[in-house]
Every structure is written in structure tokens, then in C-alpha cells.
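K.L.:
Listed here are the chains, written in short residue letters.
There are 2 protein chains.
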Amino acid sequence: MAETRQWQLASRPVGEPTHDNFELVTVDRPEPGPNEVLIKTLYQSVDPYMRGRMRDAESYAEPWDVGDPMQASVVGEVLESNSSRFESGDFVTGDLLWAEHIAADAGELQRVNPDHGPISTALGVLGMPGVTAYWGTTDVADPNPGDTVVVSAAAGAVGSVVGQLAKLSGARVVGTAGSEAKVDWLTEELGFDAAINYKETDDLSGAVDETCPNGVDVYFDNVGGPITDAVWPRLNVDARVAVCGQIALYNETQVPTGPRKLAKLIETRAKVEGLLVSDYQPRWGEALQRLSQFVQSGDIQYRENVVEGFENAPDAFLGLFEGENIGKQVVKVADRDE
Amino acid sequence: MAETRQWQLASRPVGEPTHDNFELVTVDRPEPGPNEVLIKTLYQSVDPYMRGRMRDAESYAEPWDVGDPMQASVVGEVLESNSSRFESGDFVTGDLLWAEHIAADAGELQRVNPDHGPISTALGVLGMPGVTAYWGTTDVADPNPGDTVVVSAAAGAVGSVVGQLAKLSGARVVGTAGSEAKVDWLTEELGFDAAINYKETDDLSGAVDETCPNGVDVYFDNVGGPITDAVWPRLNVDARVAVCGQIALYNETQVPTGPRKLAKLIETRAKVEGLLVSDYQPRWGEALQRLSQFVQSGDIQYRENVVEGFENAPDAFLGLFEGENIGKQVVKVADRDE
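In order, the protein sequence lines correspond to chains A and B. Position one of the first sequence corresponds to residue 6 (this note's numbering), numbered consecutively onward. Position one of the second sequence corresponds to residue 6 (this note's numbering), numbered consecutively onward.
Errors might be hidden in some of the hints.
Just so you know, same-sequence chains aren't split out, so a pair can sit in one copy or run between any two.
Stated by the list, open to error - DSSO-like cross-link-like pairs, simulated, lysine-lysine; straight-line CA separation at most 30 Å:
#: 1; residue 1: 45; residue 2: 276
#: 2; residue 1: 45; residue 2: 204
#: 3; residue 1: 172; residue 2: 45
#: 4; residue 1: 269; residue 2: 45
#: 5; residue 1: 337; residue 2: 45
#: 6; residue 1: 204; residue 2: 337
#: 7; residue 1: 204; residue 2: 269
#: 8; residue 1: 276; residue 2: 337
#: 9; residue 1: 269; residue 2: 172
#: 10; residue 1: 276; residue 2: 172
#: 11; residue 1: 204; residue 2: 172
#: 12; residue 1: 269; residue 2: 337
Think of the hints as simulated: they come from the structure by calculation, not from any bench.
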């Protein structure tokens, strides 16, 4: 019988995840049941929110069980189909597994059209991160022309799209990122008005002051921690804060502490709102359509950091916490034309 | 020439204010100018937000200058009038001074009708705290029938009105307060479903769990600090947090720290909003009209803690930080019928 490989959760991390938390297991290749298709994974996504699923605690996403394969968004090719919706050779995407071959119900899958661009974008700018950025910007952060918008993790899969959407709305956009290469990409290619390399800045507060002389009207937070602490005192009256991610805190072993932030909200009457893309499921297609137009017109640019090889998927995931990726971090699992 | 007394800011407090920060000064009684009236103060308000004005830092209210009389809401009687709007014997209220006699422009004053109830209520349930509670509840916190609403400083001037308004909207209401007498008032007279005496509770988190078995849909925060820390993890999906005051933190000399709170907002998509009553200036009358109706119908009850004597105004103010007041803290400066 044919075999395949999958990554299972070997143990729950304490603090920063390590390779010991992941186990590469060879299993029988699944047989597709009624209305199922067999998928060969071409690209697998790794995303910061997965850190939460390694924990043994209820949150917005259910925790993974130790000894089970982990879940991920995947783009793959249909090898066999028991569904009238798909045939062999089709490209599909869905919330599936860290696995090289997957049997999935046809109802869980969306078609990916390779004529519309690289199929891996279904994991990034034309996938969950793009949709997060789209609704997070247009529905929660709501930048107006002339507003100063600060985006943390601005060179990431979500932040890079948020910043470009904010520019399209006429705002002044400042990003934070962790390398000179990222800062250059933001300011020279994506049109950000300024960017702060937080790893090279002794004085984050000063850097925010300098790049945001009129204060901050919108803060789109992917990071939390010290960057957020530096932005907070510069919030303007009626500022909006969209809380999308807190990756700086995901590996903390204690309840993280920091400056108390609520008093500033009285002074500014700022509104702080958490954001979860799954709430926008009914409007997913609307976002994808707009994002596709922006990508085709060149108004939104994107990058991918492609980690080669399924065996390196944990490295790709761990790399997110080191900020190694410019743009969307994806794992290339196999070639299309095998 | 007749004299009068006023309280001046003698020095800026470091940490908890003390009597040394206040100086009682005898000055010439002012003469009302054109369109001004001379007011004899009957009641003076002391409010937690005044702590911010003792600081040398810009915030939503301008800092007081050392050596100047401090400002306060006042209810008084007109002694002399150079305005066609008021005549001697009228009762008025306005944002005036910590002073026994005040010359004020008629345009700064509102009339107080003594037939509508005790004139001191113009400083409490029918004044700034009442209006804060009204718009904070109806416009920001927005409780729905069946919601669990937690109000901190629930026996205070604002919190007691918030809780009763939330009950009127059909919510289940839990208050926090600092004495058994307050807890009894909340649960036995104001109709709160439960109340937590935070000073007698070793386990605030457990107390919130116990009194809010279905989590917290609305948190109206007057206090900040550990009480807020205990409520936060119990916020439900789509919860609303109205940040009205942070009295637990006003006397801190360092930037106060505490558990980081933003990640919880992603999990819950909760909305946190600061609230300042001055934003509702155009709708002040609307709130007062509704509050008057509720007070007259008995749907809203109130209490005042009256500190006798102008010389005791600093004590009344300092008492706010000890939680000595049930309901609105006011200073009785003089009798009506002098």
C-alpha cells in the first residue's frame, strides 16, 4: 500500500516551540471515501495563530491533540476524485493537514485557478492572511484620508496587505519590521511613508514620535508587546486599534505583563477591537475578488518566503517567531508536474 | 471689603495627594462684572477625575496651575446679578471653583429648580456623573436583555446609575464595591443581582466566576487595576468594555503595569472604548430629562455622602480614594437660607 508522511504534535511546547514538539510520521496514504478527493499537497501554510493550537487551552481555535496530525491551509492537486465537483489534476485549497497526501470532503475545498497567478497565493495574499487584512482594514481599522496608520509586523503576510490597503485609502502609513531588507521593501516597493526597524532601534518611542509627528489615528497590531507599548501613548483622539495578532507574546510561559493601557482610552476615546477572520466567512469571496483586482492592477504587491521540503515545515513555522519571512511563509511540499 | 475663601493648589502631589497639596486662602469677594452673577456656593463636587488636573501633564482636562484656585462643579445661590437671565435667590450650577463665593458669566450657568428635588443632585445623579452613566451605558456599553453586566465602583456616583440603567435594559448586573454596606445597598436596594466586596475577597477571579457563571458581556470600568484584571479573562465573545475611570491607578508614581490584555480581544472580538462625558455635551439635556424621569418614578435611586464644611473639601476629595463615599461625594459649603 502506498505511504505518505504527516507531521504530528509530539508534545506541547513550554515557551518557544522546538523540533521536539513535532514528529514526522509515515502512515498509509488515505483512500478517498464517498464524495472525497485525494489531494497531493503542493504548498502548506504555516501561520502564527498555530502556536495557540499547540497549547492545551480553549481559545478561538481548538487545541490540537498530542499524537494527532496538525492542521494547516494547503494548496494541492487532486489525484483521485469521488466527487462530481473535482477531477484529477484540479488545484484546490482548504483547511487540511500538515501532510503530503490528504483525503478531504469535496465540500471543504475551494478551487484554485492557476491562470490567476501562482497557486501558492491561495495561502497568502489571496487566502486567509489577505482576507484578514482586507476586513481588518476596511471594517475594523477604517483608515481615512490623511490619517496616520501604524502597522506592526508590516512586512508579514497580513501587515503588508494592510499597509497597502491603507495607502489606497489615502492614509499616511508607517510600518514596523525586524530587518533592513523588510524596511526597504516597505518604503521602496510598497509605498509605505516610513518604516521602523525595531531590532535596530534603541528608542522605539522616539522612533514612533519621529515617524508619526501628528500622532497615530489607526494602529493595526499584529505583534503586541514593546512595539504596542511604544505606539499606545501616541494614539490620537478617536483613534482605532485593530488587534489582529500578538506574536511577541505567544511563547510566553507566564501571563505577560506590561504597561496598563486603559487610562489612555479615556483620554483619547480610542476604540480597541479584536479581529478574527472567521467572523467574515460569509464575506470571504467579496474580499478575494477585491484583492485579486488589486493584485492584478499592481496596487497590491506581495512576496512569499518559500521553504523547500515537507521535512522542513517545522523550521518554517519556527522561523515565523524569528521574523525570517518577508511576506507569506509557505512550505513547498511537492512540484505540480510530478 | 467683604472676603471669601477658596482652595488653591499648593503643590502637585507625588502619589497619593495629601493636605499639603491644598491651601485655604482668604481673598476679596469678587464683584460681578457685566453679564456676571455673584454666587454663594451651597454644594461643591469632588470627583476622581480632579486627580488628573493636579498633575503637570496634558490630558483631556487641562492641568491646574500651582497657586491658582481649583475648579469644581458647584451648586449655588445667586446673590447679585448683572444678567437678565438670573435674579437674586435663583439656584444655579456650573463648572466653577473650589470657592465660597464666585463671580461667573451667566452663560456658564444652568438653572437648578429646587422643586425637582434636592439641589445637590445637580452634582450627582442629575449632573455630570449621571450624564456620564447615561451615555456610557446607552451609547457605549449597550447592554442587551440577558447580558451579564459587571460594573466596578458600583456604589459610586457613576456606577450606581450605570447598574440601575443596565437593570432597566433587562441585563443581569453584578457590581464591585469596597464595603459590606455598599454591597448591601447594591443588592438590597438597587436591585443588583450580585455584588462583590473586593476588599474582603481573597480570590477576585473566583468571585467573578461565581457571580458571572455565563461570563461577562459588558464591563463598565470605573476602577482599573486588579478588579479589571479579574474581569478580563471572563469576557465573552463580542463583549463590550466601557472605560470610564481608572481610579485604582490615579495615584501611581510609576507607569502602572499589569497583565497584558489585548490577546483576549482577538479571542473574543471584544470592543474596548474610552468614554468622556464632554463628548456628549450636545446631548446633555436629553440625558438629564431621562434621568429625572427615572428618579421621579423611583426606577433610579441615589445616595449622597455629604461632607459638611468648606474647610473639609480636601478631606472629601481624599476620601474618594479610600472609597469612603456611598453614592455621590459632595461638600456642603453653606445653607440655602442664610
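K.L.:
All hints, please: hold or fail.
P.N.:
Status of the hints after comparison with the structure:
1. 45 - 276: neither (45 Å within a copy, 41 Å between copies)
2. 45 - 204: neither (39 Å within a copy, 61 Å between copies)
3. 172 - 45: neither (38 Å within a copy, 57 Å between copies)
4. 269 - 45: Neither. Shortest intra-copy (51 Å) and inter-copy (37 Å) distances fail the 30 Å Cα cut-off.
5. 337 - 45: Cα proximity of residue 337 and residue 45: one copy only (12 Å, versus 81 Å across).
6. 204 - 337: For residue 204 and residue 337, only the intra-copy Cα distance (29 Å) is at most 30 Å; the inter-copy one is 58 Å.
7. 204 - 269: For residue 204 and residue 269, the Cα distance is within 30 Å both inside one copy (26 Å) and across copies (26 Å).
8. 276 - 337: Neither: 40 Å inside a chain and 38 Å across chains, both beyond 30 Å.
9. 269 - 172: Both: 27 Å inside a chain and 29 Å across chains, each within 30 Å.
10. 276 - 172: This pair counts as both: shortest intra-copy Cα distance 21 Å, inter-copy 25 Å.
11. 204 - 172: within (25 Å within a copy, 50 Å between copies)
12. 269 - 337: neither (45 Å within a copy, 33 Å between copies)
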